[in-house]
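There are 2 protein chains.
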Amino acid sequence: MRRVAVVGVGMTKFGSSDKSQVEMFSDAAMEAINESNIRAKDIQALFLGNGLGDFEEGQMNMAPMCAAELGMPMDAPATRVEGACASASVAIRDAFMWVASGFYDIVLAGGTERATAMGTPLATRTFAMGSDSKYEGFNGITFPGAFAMVARLYANKYGISLEKLKERMAMVAVKNHKNGVKNPLAQFQKEITVETVLNSFIVADPLQLFDCCPFSDGAAAIVLASEEVAKRLTDKPVYILGVGQASNGPLYRQKDITRIRAREAAAAQAYKMAGLTPADIDVCELHDCFTIAEIVASEGLGFFAFGKGSEAVEKGETAIGGRIPINPSGGLKAKGHPIGATGAAQAYEIVKQLRGECGDRQVKGARVGMTDTLGGDFATVVNIIYGI
Amino acid sequence: MRRVAVVGVGMTKFGSSDKSQVEMFSDAAMEAINESNIRAKDIQALFLGNGLGDFEEGQMNMAPMCAAELGMPMDAPATRVEGACASASVAIRDAFMWVASGFYDIVLAGGTERATAMGTPLATRTFAMGSDSKYEGFNGITFPGAFAMVARLYANKYGISLEKLKERMAMVAVKNHKNGVKNPLAQFQKEITVETVLNSFIVADPLQLFDCCPFSDGAAAIVLASEEVAKRLTDKPVYILGVGQASNGPLYRQKDITRIRAREAAAAQAYKMAGLTPADIDVCELHDCFTIAEIVASEGLGFFAFGKGSEAVEKGETAIGGRIPINPSGGLKAKGHPIGATGAAQAYEIVKQLRGECGDRQVKGARVGMTDTLGGDFATVVNIIYGI
Chain E
3 MRRVAVVGVG
13 MTKFGSSDKS
23 QVEMFSDAAM
33 EAINESNIRA
43 KDIQALFLGN
53 GLGDFEEGQM
63 NMAPMCAAEL
73 GMPMDAPATR
83 VEGACASASV
93 AIRDAFMWVA
103 SGFYDIVLAG
113 GTERATAMGT
123 PLATRTFAMG
133 SDSKYEGFNG
143 ITFPGAFAMV
153 ARLYANKYGI
163 SLEKLKERMA
173 MVAVKNHKNG
183 VKNPLAQFQK
193 EITVETVLNS
203 FIVADPLQLF
213 DCCPFSDGAA
223 AIVLASEEVA
233 KRLTDKPVYI
243 LGVGQASNGP
253 LYRQKDITRI
263 RAREAAAAQA
273 YKMAGLTPAD
283 IDVCELHDCF
293 TIAEIVASEG
303 LGFFAFGKGS
313 EAVEKGETAI
323 GGRIPINPSG
333 GLKAKGHPIG
343 ATGAAQAYEI
353 VKQLRGECGD
363 RQVKGARVGM
373 TDTLGGDFAT
383 VVNIIYGI
Chain R
3 MRRVAVVGVG
13 MTKFGSSDKS
23 QVEMFSDAAM
33 EAINESNIRA
43 KDIQALFLGN
53 GLGDFEEGQM
63 NMAPMCAAEL
73 GMPMDAPATR
83 VEGACASASV
93 AIRDAFMWVA
103 SGFYDIVLAG
113 GTERATAMGT
123 PLATRTFAMG
133 SDSKYEGFNG
143 ITFPGAFAMV
153 ARLYANKYGI
163 SLEKLKERMA
173 MVAVKNHKNG
183 VKNPLAQFQK
193 EITVETVLNS
203 FIVADPLQLF
213 DCCPFSDGAA
223 AIVLASEEVA
233 KRLTDKPVYI
243 LGVGQASNGP
253 LYRQKDITRI
263 RAREAAAAQA
273 YKMAGLTPAD
283 IDVCELHDCF
293 TIAEIVASEG
303 LGFFAFGKGS
313 EAVEKGETAI
323 GGRIPINPSG
333 GLKAKGHPIG
343 ATGAAQAYEI
353 VKQLRGECGD
363 RQVKGARVGM
373 TDTLGGDFAT
383 VVNIIYGI
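As you go down the protein sequences, you meet chains E and R in turn. When we follow this note's numbering, the leftmost residue of the first sequence carries the number 3, and every step to the right adds one. When we follow this note's numbering, the leftmost residue of the second sequence carries the number 3, and every step to the right adds one.
Keep in mind the hints are simulated off the structure, nothing from the lab. Watch out, some of these pointers could steer you wrong.
If several chains are the same, the list does not tell them apart, and a pair holds so long as it fits within one copy or across any two.
To be verified - List time: in silico EDC-like cross-link candidates among lysine to aspartate or glutamate, alpha-carbon distance up to 20 Å: (1) K136 / E59; (2) K192 / D282; (3) K136 / E25; (4) K166 / E197; (5) K15 / E266; (6) K257 / E71; (7) K238 / E71; (8) K257 / D77; (9) K15 / E193; (10) K136 / E71; (11) K310 / E169; (12) K192 / E37; (13) K136 / D20.
Please construct the entire structure, taking both the sequences and the accompanying hints into account.
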């Protein structure tokens, strides 16, 4: 297996867009392509993450449409992959293998999604299709509901009062909004306080409005190249050191949803491939679809002992200047969460961090970064470790 | 790149089913797993093709659900890929690379789809989402319409009367139904005549009912293994000799739809990797979503000169005993076409043919076979060559 590097990244401003998914992806991809000092016709394959393009725009078979819009050569396969909210990371991992194996030298990976046009209630119902339709969807499970259960179980399991846990969950949102105002591409550009969170309406008890990431339109893309090609294209290649992907299956098969076993399995694969441990990670973009999700993810990735993730937030350990900065981009909460694109937006941030290009939100001296992307409740997890 | 072999295959009877897509896939996969002399927990990754599981059953994130249903280990990534009607072949090609690269030794690939429950008119409208939604879908393009244009253009381009062409198109359907009655898993189990076709109602002029493949429910799966592992598991490994995938983009970018350039590009990749030419192919399962589609595919794959494919049918060259047997399974027309599964059903047939297990529809002495799967109009083509 040869080494693979990211040579260019691009991302649209997340939020509400008039553009189609193909158009948004093209914007993000052209930015990545230009940054890579290549042209679209140099790309040998496209790996596109997308969750529900058919629902949102009546567009299936989206990857070839993107490839054509970009001017990629006809010989280049264009494949859409879907792993619910992890789709773009599934795409990146797959793209990585096609280059690491030696089959391709330069590929494009990322994702795109539109979700705001349908409105939040319908979007919530629609994206709940990432859970098991026969037994969960049928019974009314949506993701806020699933993570509300996680929050209650977490409080109960670790003997933390729900009031205290909710305060710490709110601190996650406060941190991520604080980071987000330093990110010009973030959907939300305003700071909030713990009171903002605790005074917002209940979505799924104990989750309140500001415990939940938004629905967003957006796209993100990265160009991957073999080490040899990467060194010709850029003087700041960021290498993929390890990848992992694992699958849990439906919620009803999971014994303890305060620990997402697929994450532990995927992270272990990535750490092993990279020859690293959690202590080696300087910065992490993880899947804070809900504030409680960030807390349990930080434990599952090995940054904190199980049950200690919430107090770590309170102690400031996950702030940009903290022990393990988490979601300097603003995370899904403040940056936004276009389902099919999110994994690539996480990659965008980590690559920018490792290149030292993050301005006010720069994690000083970051050399190793990690992305963590979760699909469904809690079926698919992809972890990717990057380094310079 | 090390050699990769198919060690087991499985397929449901195509038609109308009461089972969910996860259940059908599990049936097909268990057959493949059992035939491979392994257990589900030996599988290291799942690559699942599916077109519109969200529309049909409200199920996104289907791959982990299948993996869990089968009892695959949690460490095993489960990824859904989508390339419209080519989805399962996209999955197989991807799976192939993960084994050829050395990353995995045993993987499961295939696809599943339900389409009959929504009824043919809605299914036609829904699967038209494989075309460009902004410019084609918006204007009412559906796949019968797109292939109707192909038929008219073909007749015009090659100076064949539409009447003569329609007769030859009908012969494709007659051949495939004749093959289908020898296939217990085929959706249609009755022979037809040219008159049957020409007397059926017009779907999209000049395509009549029997020029069009049905909508179907069904699933198919194959187990792939490295050569070394394959030889321990079976005494009849069928190797993947070459793969290819290419992308055309939307219909409006295509200059001459009587020749699907993505097919020519994908086939060239496969032939080159295998070190073979069209003359080396003993049997082919290609994408006869419509009778005219079989004719143009036979030319695009290099079996006949452009413009000569329709007379070849008339001469019997594509019958089971002919020069290049095409669609001995009954093809999409008689076997059925569950969108996400079709590519794997083609693989199933080719593997069975090369093992000599096809009974009445056996192509004698077949040693090299090819699958051809098309997604959309005419955006994605995947070609895979198998050999013993």
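Of the hints given before, which are not true for this structure?
-> 2, 5, 7, 12
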